[in-house]
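Trainee: Below, each chain spelled out in residue letters.
Number of protein chains: 2
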Amino acid sequence: MSNALIVHGGAPTAVINASLYGAVTEARKHPEIEHFYAAIGGSGAVLKEHFLDLFTAPKEELELLLHTPGSAIGTSRDPLETEDYDQMARVIARHNIRYVFFTGGNGSMDTCGKVYQACCRAGVDVNVVGIPKTIDNDISVTDHAPGFASAARYIAETTAEISQDVRGLPIHVCVIEAMGRNAGWIAAASALARSGDGDGPDLIYLPEVPFDEDAFLTEVERLHREKGGVVVVASEGLRKADGEPIVEPIFQVGRAVYYGDVSAHLANLVIRKLGIKARSEKPGIAGRASAAYQSRLDRDEAVEAGSTAVRAAVEGKNGVMVGFRRLPGEEYRAETILIPIEEVMLHERTMPREFIAENGHDVTQAFIDWCRPLLGEPVRRYVTFKNRPLSVD
Amino acid sequence: MSNALIVHGGAPTAVINASLYGAVTEARKHPEIEHFYAAIGGSGAVLKEHFLDLFTAPKEELELLLHTPGSAIGTSRDPLETEDYDQMARVIARHNIRYVFFTGGNGSMDTCGKVYQACCRAGVDVNVVGIPKTIDNDISVTDHAPGFASAARYIAETTAEISQDVRGLPIHVCVIEAMGRNAGWIAAASALARSGDGDGPDLIYLPEVPFDEDAFLTEVERLHREKGGVVVVASEGLRKADGEPIVEPIFQVGRAVYYGDVSAHLANLVIRKLGIKARSEKPGIAGRASAAYQSRLDRDEAVEAGSTAVRAAVEGKNGVMVGFRRLPGEEYRAETILIPIEEVMLHERTMPREFIAENGHDVTQAFIDWCRPLLGEPVRRYVTFKNRPLSVD
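For the protein sequence lines, the chains are A and B, in the order given. First residue of the first sequence: 1, per the UniProt record's numbering; consecutive thereafter. First residue of the second sequence: 1, per the UniProt record's numbering; consecutive thereafter.
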């Protein structure tokens, strides 16, 4: 008999708890696992040995994980040193932990890889497997990572709703800020808000394309003249040609620098330079925490990533991360794969050139085709009477 | 045979189109109404005679109105002069319009009242009835107005989701901005995010209470020390004791003054003055346009407000607005009433003292009891394992 340990790293997603559900329910099928420990509070909790055995949780509670945002077992962004990894290896040995799972993004996969290396160094016999998780979709090799599709569905639905509002009352330029750090995947997904009759985002700015303020203002002015209301989606990670963020740093605490909001900055630019009414919307954390906009496919794949990781560990796999490979064909199908963890540690995958429109402020049809199946159910159908021929004119 | 005309005024809500649905479907039952015109683009469209007969729209399309955000027939914030009202009276007479409906808030009810007066002056025989609509819930006399409950449900659900995220990763102070202008109703509804075990908003700041920066910082520092993560909900309309907004004006276009975001301002205060990591979330327009978070009760009451208005007009009522009166009893029940429009024109109803907590940064149980039934289905159930006794410690 031996034990398992699962650790959440980095920021939560709408489906990180679904992967936890997948892992626990799969682990229950393997009698060689006696306790399934969750580190309560991320990697720091491993060092403090703060463990909760999830095998003690009733089934009904575990099922709530499928729709619970945030991380139900906590998570952290603790910076770790070499001695911390060695200490983790000792904790793992002391608690007879044979299977270790890290759910996270690039940073957590780095942690995962280093724990694996520390265990090797210390001669601790353990299988370490990574479960991918990120809203930013910036993990390498895998087609996409659980968490992204729900964040994508959130931005697409929210942009569609805001676009309907702006279409009904076309008096302002509305700048929506999308998360995603240095990768434009989430901002790009706002294009799925378009249902075909001129609604949805008018302009989409991605961090992969250097931001040109003059070109932006020219586009906004033209669209405002033509349409009245204009909907802009801007990634939080927009940078100028020199690589600097488009917003000034507002404050520095230790090594962390805080920047102002990109959406507010762009709205203020429109007001000041064009004299056009503008406002900003920044759903922020809401975009990664929404259970209502969760993508069903994302949830299912998150569960699958968790269960696949447990099966892989029990089968003796080590130092790998679960990934998804898309299969050829008209209809979306994907299979899980195991990726050597060194291939994903700290690598950052941004939007490839073929997904970015020539004009630099939109996406291509290839991106739409790639992204649409991940969102699951189609975006809600709306009706508008604003574009109909009038009865009396 | 005669015609009807409906006009939307002011900003959309998640259910303004549901009231439109209620009005059109009720009107269909009255053979004396030949055409049911919608002014396409608010009150300005009445002057331009831009009308679409909604009796020509198929049933399936009309049903999409129940879940379509924004205003499907457009809306406006056109400033109107006395001659405009006289012109409206002439347009109404020319198109043989016997029933006129204005859906809107305080400003639109003012328009509604003035159209009524202009028609009286011109001897145009018309029945004018108002359909209440506002997310801000600041219309007088009525217990509440359609649009509010969905905005309330949005902020409650969103705050619950963000609180789960912050609980899972308690590294920052998170300031959520709520709409509502000078009234704190929406910000107050965030209290419904609490499910009882310490989650939900920690602090709620309402525009009815003068904002004290030092007291705010003291509270945030204390909570951050105790909990790590802190969730603050702040109304966009916060003012200092001298009545000035807590944010500086950033720009003036004509008579309109633009202010910076309250949430960003408060987050920056926390960073600068306390050196604590803080961020802001400002869902903005998303909060009034969300079909996913729509309250079912709100939608039903919005439909009822529309149909009641049509019945009232056909029965000969004039110069009134539909309102809701809550009936006594344990279970929520309400009846529609007709309120003389002068009683609501431009009056603004803010939160009464008995709904605001003694400490000035929360709501009372009386408010919770008043608000809860309006949100319809209970806020989703979540699970967290962070507060459990540990298996290994």
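Among the hints, a few may not be true.
Copies of the same chain look alike in the list, so a pair counts if it fits in one copy or across any two.
Using 30 Å as the maximum straight-line C-alpha spacing, the simulated DSSO-like pairs for lysine-lysine come out as follows [claimed, not checked]: (1) Lys29 to Lys240; (2) Lys317 to Lys273; (3) Lys48 to Lys240; (4) Lys277 to Lys240; (5) Lys48 to Lys277.
No lab work stands behind these hints: they were computed from the structure. Keep in mind it's a predicted model, so treat the numbers as computed, not measured.
Trainee: Next step is simple, just say for each hint if it's right about the structure.
Mentor: Here is what the structure says about each hint:
Within a single copy, Lys29 and Lys240 get their C-alpha atoms no closer than 52 Å, and across copies no closer than 60 Å, so neither meets the 30 Å cut-off. For the identical chains of this complex, Lys317 and Lys273 are neighbours neither inside a copy (58 Å) nor across copies (50 Å), given an alpha-carbon limit of 30 Å. Taking the shortest Cα distances, Lys48 and Lys240 never come within 30 Å of each other, neither inside one copy (43 Å) nor across copies (45 Å). For the identical chains of this complex, Lys277 and Lys240 are neighbours both inside a copy (24 Å) and across copies (25 Å), given an alpha-carbon limit of 30 Å.
Only between protomers do Lys48 and Lys277 lie at most 30 Å apart by alpha-carbon distance; the minimum there is 24 Å, versus 53 Å within a single protomer.
Checked against the numbered hints given earlier, this structure breaks hints 1, 2 and 3; the rest are met.
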